[in-house]
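2 protein chains.
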Amino acid sequence: MPQRKHYLFVCVNRRPDGVPKGSCAARGAVEIHGALKAALAEHKLAKVEARACTASCLDVCWVGPTIAVEPDGFFYGRVTMADVPEIVQALRDGARVERLVLPPEDFDEATAHPGIPAPQG
Amino acid sequence: MPQRKHYLFVCVNRRPDGVPKGSCAARGAVEIHGALKAALAEHKLAKVEARACTASCLDVCWVGPTIAVEPDGFFYGRVTMADVPEIVQALRDGARVERLVLPPEDFDEATAHPGIPAPQG
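Listed in order, the protein sequences are those of chains A and B. Position 50 of the first sequence, counted from 1, bears residue number 50 in our numbering, the numbering being contiguous throughout. Position 73 of the second sequence, counted from 1, bears residue number 73 in our numbering, the numbering being contiguous throughout.
Any given hint could be a false lead.
Pairs count within a copy or across copies, as identical chains cannot be separated in the list.
Said to hold, decoys possible - Taking lysine to any residue and the SDA-like style, the derived pairs with C-alpha atoms no more than 25 angstroms apart in a straight line are:
(1) Lys47 to Phe74
(2) Lys21 to Arg96
(3) Lys5 to Gly73
(4) Lys44 to Gly73
(5) Lys21 to Arg92
(6) Lys5 to Val19
What the hints contain is simulated information worked out from the structure, not anything from laboratory work.
Sequences and hints are given; from them, build the entire structure.
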């Protein structure tokens with residue numbers, strides 16, 4: 001199979017339950033990666049268009065779950081399972097889900113907009 | 001910290017010992033990721049210039065260990081520990097290590113140039 005046009009790197013870093021920072025895995029990132037992979041296969045996008053991979057910490061924990069969309073060079077943040085169909089549709093349309101794209105201020109915890117709360121554990 | 005200028009996604013997929021295809025982890029990818037991360041920190045590149053992450057299978061197992069360099073959109077393949085200083089120097093120079101960059105034919109196992117043999121296990 002050729003190099004895919006897009007690679008979606010889903011952070012699945014997991015911190016111990018109860019750590020205030022939380023982690024993408026604690027907010028459902030493993031399931032999001034699975035759903036994304038299944039949706040790409042279902043729409044026959046997996047062999048040429050896009051591949052969903054897991055990744056270690058992308059260092060924007062406060063707005064996780066996060067996905068680095070490459071080589072496009074942008075990050076989705078605060079992703080939920082409900083967003084997966086829209087993310088896949090955007091790939092098909094050559095577009096992106098603008099409401100999920102992290103602006104520069106979200107890359108710094110001090111200036112980030114609110115994230116999804118870490119689950120209590 | 002800002003979005004880094006580059007993200008290096010090192011495949012660390014591991015297959016059971018003895019599987020003929022081998023895997024990036026069986027060929028030393030975990031150690032390569034560790035060395036890359038340490039070298040980026042040592043050269044003070046980690047906070048702005050580049051972040052080394054691990055990733056799941058990038059689907060070019062036959063030429064592993066592989067690294068997706070993003071958003072540049074190319075892959076390094078057949079990477080060894082000895083290549084890490086050159087990879088970091090290339091980042092500093094705004095260049096790439098051309099001898100490690102995978103050409104299109106390496107993305108298909110049927111047309112790929114020889115890879116690093118899978119270790120016997």
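- Item | Lys5 and Gly73: within-copy, between-copy, both or neither at 25 angstroms Cα | both (13 angstroms within a copy, 9 angstroms between copies)
- 25 angstroms Cα cut-off: does Lys44 pair with Gly73 within a copy, between copies, both or neither? Both ways: Lys44 and Gly73 sit 23 angstroms apart in one copy and 22 angstroms across, limit 25 angstroms.
- Within a copy, between copies, both or neither: where do Lys21 and Arg96 come within 25 angstroms Cα-Cα? neither (27 angstroms within a copy, 35 angstroms between copies)
- Query: Given identical chains, is Lys21 near Arg92, meaning Cα to Cα at most 25 angstroms, within a copy, between copies, both, or neither?
  - Reply: neither (34 angstroms within a copy, 32 angstroms between copies)
- Could you place Lys5 and Val19 in one of the four classes (within, between, both, neither) given a Cα distance threshold of 25 angstroms? neither (37 angstroms within a copy, 29 angstroms between copies)
- What label fits Lys47 with Phe74 when the C-alpha limit is 25 angstroms: within, between, both, or neither? Result: close both inside a copy and across copies, 22 angstroms intra and 17 angstroms inter.
Consistency with the previously given hints fails for numbers 2, 5, 6, ordered from lowest to highest.
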